[in-house]
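Going down the list, the protein sequences come from chains B and Z.
Counting along the first sequence from 1, when you hit position 115 you're at 115 in our numbering, and nothing is skipped either side.
Counting along the second sequence from 1, when you hit position 189 you're at 189 in our numbering, and nothing is skipped either side.
In case anyone wonders, no lab produced these hints; they're calculated from the structure.
Fair warning: this is a prediction, and the values are worked out from it, not measured in the lab.
Take the hints with a grain of salt, since some may be wrong.
Listed below are the simulated DSSO-like cross-link pairs for lysine-lysine, each with C-alpha atoms no more than 30 Å apart in a straight line [as the list claims (entries may be wrong)]: (1) LYS121(B) with LYS140(B); (2) LYS79(Z) with LYS140(B); (3) LYS19(Z) with LYS79(Z); (4) LYS152(B) with LYS79(Z); (5) LYS66(B) with LYS53(Z); (6) LYS152(B) with LYS235(Z).
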Amino acid sequence: MIEINNLTKVYKLSKKQMQEQKTKKNMKKAVDGVSLKASKGEIYGLLGPNGAGKTTTLRCIATLLKPTDGNVSVCGFDTVKEGEEVRKKIGFLTNEIKLDPQFSPEYMFKFFGRLHGIDDKTIKERQEKLFSYFGIHDFKDKKINDLSTGMKQKAAIAVSLVHDPEVIIFDEPTNGLDIVTARSVTDYLKQLKEEGKLVIISTHIMSEAEKLCDRIGIIINGKKVTEGTLNEILEETKTSDLEDAFFQLYKEHNVEEV
Amino acid sequence: MNGIKTIVAKELSRVFSDKKLVVSLFILPVVLIIGIYALMGQLASNQEADIEKHVPIIAIQNEPEGFADFMKSISFNGKIKTIESDSDIKAYKDGILKGKKDVLVVFDQGFLDSITNYKDGDKIPEVKTYYNPSEDYSQSARTEFVDTVLASYKQQLLQQRFGNLESLSVFNVDVNSDSSVIMNEDKASGKVLGSLLPYLITFMLFASAMSLGVDAITGEKERGTLASMLITPIKRRDIVLGKLISLSILSMLSAAVYAVGMIVAFPMMMKNMSDSADLGLTMSFSAVQIIELLAIMLTLVFLYVGLVAGVAVFARTAKEATTYVTPIYIIVLVAGMITMVSSGTPDSYYFAIPVYGSALSIQGLLTGDLTTVQLAFALLSNVGLGAILTAVISSAFNNEKVMFNA
């Protein structure tokens, strides 16, 4: 149960950032009036090009960013006023947040389990389950620094799920993974859905969104341009696959800042 | 509370599981300090031994009759060259300037005659020495020649003139000089150590807090590992406290290691370097003093860690953080130095100045002058500022601009 009402997030740009982005405006609207609802037992996908505002939206849900305007609630808790309650409910994964490279997956799993207030016995059970699923047992004692990209991502996913969260927020979870590992991740997300969890992911991979997501919201330039099941979106745009649908919407809506 | 404990445990194990870090934080400093001090002491004693071994080269003009025998009789060891009264002494002066000769001694012409025929109002004959104070050999040869040879020669001549010298003394001052010194040994030795220790303690604590704190805060921010804790339900304040407490423990350990290194190495250097062996390096603490010292150090290290973390949390890169911390480091150094040179009893409110007050307190504690009010001021100012800094850092942890450069 995520409810986003009219979410707007404006970043102030420093002079240096303005130069880098070749803009004269000192404000950047990363997310512009996005509203959406997602409920238990579904996988919701945020689809959009790089810089569209997907990550910002997810970070707002995860309480890391405060909305400039509008509000976000998770399981009925407001992300700004009741951040701690929200954080109890969510498992959040993003590329920019990393596990301490000096520690092993096992140590990190235990560490975050404890920070979530879980007792050691439950942590052990969760570890057994998740480490077996993702095949982490073989490298659970190695330093994260020495792991491959795929191993790191698997460890990060396992750690983010240590507290068996009701809401799973994954920012581009298959980014940089090979096809086998990516498949095991998406399969697990489906399994979580079956268990009645809400999964919300961001992606720019069309096939992933097509196969995995029950509902898709397409974000372009910070605005949600459409939302629905795959079929609804195809019908609306009168196209035969998601990629065509996306490009049609992109042409239509990416006219700003000319 | 559990969250704080978990974070402290993780921070400590991060340091102690890293062999390189352990070596560079705790082992290398001690080895270096002891090594440097031992080397300094060794060099100094080598130099001294070298001077002692050196046979002074001394030229004497107008040497009085029997002077050579006299030198032999008091077994003065030196290469003596006698110069005729009409020869030029410029060459000898040049030699002294260049360090090839040590001392030139010129007796007045007819030295012994003027002494034997002395009447009231006559000009007193002179012995003139030429030497080079910038040359160790020359300086020490001159001192030895004047203090031993000329002094006893004078005694001998006085005895010839007056017979019994005791009638000349009239009275003595402090025959037994040891018994005339009245002082509190603890306070005296505390003064020497007291001028040095506050300085050492304050800056050593800060030095270790600085290197550790920048990595633990800015380093983690850069690596993206700090944010992983921000998405757990634990309170921001607990994360900050966990960080600060673990940093305090590590800084204390590191400073303790330094201190032990100093205490071991310092006497090694001093023993070799000077004759004044009693530098007051042995001192005893009462239980109360130890507790007071620990209280000051604990609150001080918490404040330092807070200062470093406060700067580190706002810096974007570790390099930036180090640049911002440096001015604070200098202030800490200066605060310690002021206590080294200041004298007199400072007013109590000075003790409420963070950092400086602690340095004063440690100094006062060692000389036994610290009052309860002064101690309370110092502790409260440390804890107070530390608490304010903790609050500031906690709110920075909540600030998306600080945490994510957003």
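Here is what the structure says about each hint:
1. LYS121(B) with LYS140(B): 18 Å, holds
2. LYS79(Z) with LYS140(B): 80 Å, violated
3. LYS19(Z) with LYS79(Z): Roughly 60 Å between the alpha carbons, so the hint for LYS19(Z) and LYS79(Z) is violated.
4. LYS152(B) with LYS79(Z): The given pair, whose Cα atoms are some 81 Å apart, is violated under the 30 Å limit.
5. LYS66(B) with LYS53(Z): 79 Å, violated
6. LYS152(B) with LYS235(Z): 27 Å, holds
Checked against the numbered hints given earlier, this structure breaks hints 2, 3, 4, 5; the rest are met.
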